Amino acid sequence: MKRKKAICCLFAGLVFSGLLAGCGSKNSENTLTVLNYGKYLDPDAIEMFEEETGITVELEEYITPENMYTKYRAGAIDYDLICTSDYMIEKLIQEGEVLELDYSNIPLSENLDSTYFDFSKSFDPENKYSIPYFFGTVGILYHKDMVDESKVNSWKILWDKEYSGQIIMADSVRDSFMVALKILGYSLNTTDDEQLKEAQDLLLEQKPLVYSYLVDEAQDEMISENAAMAVVYSGEAGYALEFNDKLAFSVPEEGSNMWIDSWFIPKSAKQKENAEKFLNFLCREDVSMMNFDYVYYATPNQKTKNSLDADLQENTTIFPPTETLNNCEVLKPLDDKATMKLNLLWKEIKAAD
Amino acid sequence: MRNVKRQLLAGPYLLWMAGFILLPVVMILYYAFTTTSGHFTLLNISSIFASIHLKSLFLSLKLAVICTGVCLALSYPLAMILNNMKEKSQGFIVFIFILPMWMNFMLRILAWKLLLSNNGVINTILEGLGLPVLDVLNTPAAVVFCMVYDFLPFMILPIYNAMSRIQQDIIEAAGDLGAGSVTIFFKIIVPLTMPGVVSGIIMVFVPALTSFAISDLLGGGKVLLIGNVIEQAFMQEYNWNLGSGLSLVLMIFVIASMALMSSKGEEGGAGVW
Numbered sequence: 001m002k003r004k005k006a007i008c009c010l011f012a013g014l015v016f017s018g019l020l021a022g023c024g025s026k027n028s029e030n031t032l033t034v035l036n037y038g039k040y041l042d043p044d045a046i047e048m049f050e051e052e053t054g055i056t057v058e059l060e061e062y063i064t065p066e067n068m069y070t071k072y073r074a075g076a077i078d079y080d081l082i083c084t085s086d087y088m089i090e091k092l093i094q095e096g097e098v099l100e101l102d103y104s105n106i107p108l109s110e111n112l113d114s115t116y117f118d119f120s121k122s123f124d125p126e127n128k129y130s131i132p133y134f135f136g137t138v139g140i141l142y143h144k145d146m147v148d149e150s151k152v153n154s155w156k157i158l159w160d161k162e163y164s165g166q167i168i169m170a171d172s173v174r175d176s177f178m179v180a181l182k183i184l185g186y187s188l189n190t191t192d193d194e195q196l197k198e199a200q201d202l203l204l205e206q207k208p209l210v211y212s213y214l215v216d217e218a219q220d221e222m223i224s225e226n227a228a229m230a231v232v233y234s235g236e237a238g239y240a241l242e243f244n245d246k247l248a249f250s251v252p253e254e255g256s257n258m259w260i261d262s263w264f265i266p267k268s269a270k271q272k273e274n275a276e277k278f279l280n281f282l283c284r285e286d287v288s289m290m291n292f293d294y295v296y297y298a299t300p301n302q303k304t305k306n307s308l309d310a311d312l313q314e315n316t317t318i319f320p321p322t323e324t325l326n327n328c329e330v331l332k333p334l335d336d337k338a339t340m341k342l343n344l345l346w347k348e349i350k351a352a353d
Numbered sequence: 354m355r356n357v358k359r360q361l362l363a364g365p366y367l368l369w370m371a372g373f374i375l376l377p378v379v380m381i382l383y384y385a386f387t388t389t390s391g392h393f394t395l396l397n398i399s400s401i402f403a404s405i406h407l408k409s410l411f412l413s414l415k416l417a418v419i420c421t422g423v424c425l426a427l428s429y430p431l432a433m434i435l436n437n438m439k440e441k442s443q444g445f446i447v448f449i450f451i452l453p454m455w456m457n458f459m460l461r462i463l464a465w466k467l468l469l470s471n472n473g474v475i476n477t478i479l480e481g482l483g484l485p486v487l488d489v490l491n492t493p494a495a496v497v498f499c500m501v502y503d504f505l506p507f508m509i510l511p512i513y514n515a516m517s518r519i520q521q522d523i524i525e526a527a528g529d530l531g532a533g534s535v536t537i538f539f540k541i542i543v544p545l546t547m548p549g550v551v552s553g554i555i556m557v558f559v560p561a562l563t564s565f566a567i568s569d570l571l572g573g574g575k576v577l578l579i580g581n582v583i584e585q586a587f588m589q590e591y592n593w594n595l596g597s598g599l600s601l602v603l604m605i606f607v608i609a610s611m612a613l614m615s616s617k618g619e620e621g622g623a624g625v626w
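Residue numbers (the numbering used here), protein chains in the order written: chain A, 1 to 353; chain B, 354 to 626.
Rather than coming from a laboratory, the hints here were simulated on the basis of the structure. Computed from a prediction, not measured in an experiment: that's the story for all the values here. Wrong hints could be hidden among the right ones.
Which residues of chain B face chain A? A partial, calculated answer using Cβ under 10 Å [to be verified]:
no. : residue
1   : 577
2   : 586
3   : 590
4   : 592
Only pairs whose alpha carbons sit at most 20 Å apart, straight line, appear in this in silico EDC-like list of lysine to aspartate or glutamate [what the hints assert, rightly or not]:
no. : chain 1 : residue 1 : chain 2 : residue 2
5   : B       : 408       : A       : 205
6   : A       : 71        : A       : 58
7   : A       : 91        : A       : 66
8   : A       : 272       : A       : 78
9   : A       : 277       : A       : 95
10  : A       : 71        : B       : 584
11  : A       : 161       : B       : 488
12  : A       : 207       : B       : 488
13  : A       : 305       : A       : 286
14  : A       : 332       : A       : 145
15  : B       : 415       : A       : 353
16  : A       : 39        : A       : 216
17  : B       : 540       : B       : 525
18  : A       : 277       : A       : 160
19  : A       : 91        : A       : 336
20  : A       : 303       : A       : 286
21  : B       : 408       : A       : 348
22  : A       : 71        : A       : 60
23  : A       : 144       : A       : 126
24  : A       : 270       : A       : 100
25  : B       : 408       : A       : 201
26  : B       : 415       : B       : 569
27  : A       : 161       : A       : 225
28  : A       : 267       : A       : 95
29  : A       : 246       : A       : 145
30  : B       : 408       : A       : 353
31  : A       : 277       : A       : 100
32  : A       : 207       : A       : 160
33  : A       : 341       : B       : 584
34  : A       : 207       : B       : 525
Virtual Cβ for every residue (Gly too), placed ideally from N, Cα, C.
Working from the sequences, and respecting the hints, build out all of it.
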């Protein structure tokens, strides 16, 4: 009897250690584990990097910054390099989860326009931790034949009963509240109970008119003309415009959110050197161009931008003009209490009839 | 010694159970009864009584009941028809029912999304025929529809299985003794297929109750089932404690419904499949 137990234990131990070894073995190799938004990096660029350096890249993807936080915090995978949005980077910096970058290993970061390093100071005050990758705003992507174009300069059009069942809202707490808060004239970083409640009332009022709440799929729905307008990121709008020339994009006058997606190296990094090599590679003109072509968001890479066609450089959907950017706010991380409050308000909206 | 060897064969499964069933349940229990800082609390469990959570739980129960009802109403006659066919064609039709399951169910849901959307295939055809267009996508109706579509084979197969086991002699004997077809149906066929029905109900009701992917994709973010609340707690809010607490409550509902159904079927559903 005892012996049987011993055999069982041995067997269990063997299999478990096998499982664990399977998880851990990657660290010793010449690898790089990257965590990025979906469809946010040209697969050919990764292949090129692998060929040039012999480093094997493992790419993991996520949908929203909150998803990213969960994946990172779960700790199942040791990420070496992560790309995410401004406020989430600030939150992680505050939590001490971000390593300082060694710019001497990333000489090509000089290709980036210093304006965007200045913008990044709102979440990374000394530019110690992050390198901007893409940036943009949030606005309304609309169908020119289905929507009265004189009205798209205001977020209020999303509350117009005429478009009932043709409106796609953002399925993300911060972006949806941003729209409501901007209509009310408040900061999108407010934590004031009454202001948030007012915004929630507004969003509840809007729900019956909404076709669906989407993030990544919004552009596809707009391209196939399933809805008249959608709240999307400027980059997505630029992409959708390429596929359907009846679409147009507007950043309402009430102001909007300017976002910067940046790379940072988290504390979990096992391959910091490889991560910096990859960052340097991403700043290279040709690679940055590949990624621009693939993602079609505004790139902070000055060299890449200069080599684009003139009309593309002047495309205000992709490259928001400075006056638009100055009218925008960057998201700030909220403290735990405010986050919980906001999540609850959002859940009430989602559960409403 | 030979006995030991034979028992060793169960080792991998035991390991599987320990690692992927027991351990997760223990972790859920731990998270469910603690706060983020690790102190004991009942708040995560009692938060099911928060009005939004209750609302989504009732919506889940409602949709699951409707889905199970529709599946049963479709499957029972189908199984009967199937059972009366020639043996060769029976095999072929069962094969057709299983055929869609060869494809990943997420892909099938996405396909339905394309079919049902405003400018989708179905509406284009309806418009072409001059009929009013469908406006079901992003409503609970679309969610129920897709649940029925997805889970129907799980209802048909056990019922068909139970039905094909009824010996023809019994039915003939009943006929010889003067029972009409209605009597035969209610006194013989229904009781004898009960285990299959119970098994089918469990296999449809449980996944329908706990599903979140279908409502996420076809509900357009507007249909918030309890599964979506749990998913959001884990993925968006980073509140594993709340997610675990709600999961535990949902588990109780699942176990309760299974116990209730098993007590109705004589041998319990599990024996059939």
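Hints versus structure:
no.	hint	in the structure
1	577	4 Å, holds
2	586	9 Å, holds
3	590	5 Å, holds
4	592	8 Å, holds
5	B:408 to A:205	19 Å, holds
6	A:71 to A:58	15 Å, holds
7	A:91 to A:66	11 Å, holds
8	A:272 to A:78	11 Å, holds
9	A:277 to A:95	25 Å, violated
10	A:71 to B:584	13 Å, holds
11	A:161 to B:488	17 Å, holds
12	A:207 to B:488	16 Å, holds
13	A:305 to A:286	11 Å, holds
14	A:332 to A:145	37 Å, violated
15	B:415 to A:353	15 Å, holds
16	A:39 to A:216	10 Å, holds
17	B:540 to B:525	13 Å, holds
18	A:277 to A:160	50 Å, violated
19	A:91 to A:336	10 Å, holds
20	A:303 to A:286	9 Å, holds
21	B:408 to A:348	10 Å, holds
22	A:71 to A:60	10 Å, holds
23	A:144 to A:126	43 Å, violated
24	A:270 to A:100	14 Å, holds
25	B:408 to A:201	19 Å, holds
26	B:415 to B:569	17 Å, holds
27	A:161 to A:225	19 Å, holds
28	A:267 to A:95	11 Å, holds
29	A:246 to A:145	7 Å, holds
30	B:408 to A:353	10 Å, holds
31	A:277 to A:100	15 Å, holds
32	A:207 to A:160	12 Å, holds
33	A:341 to B:584	18 Å, holds
34	A:207 to B:525	60 Å, violated
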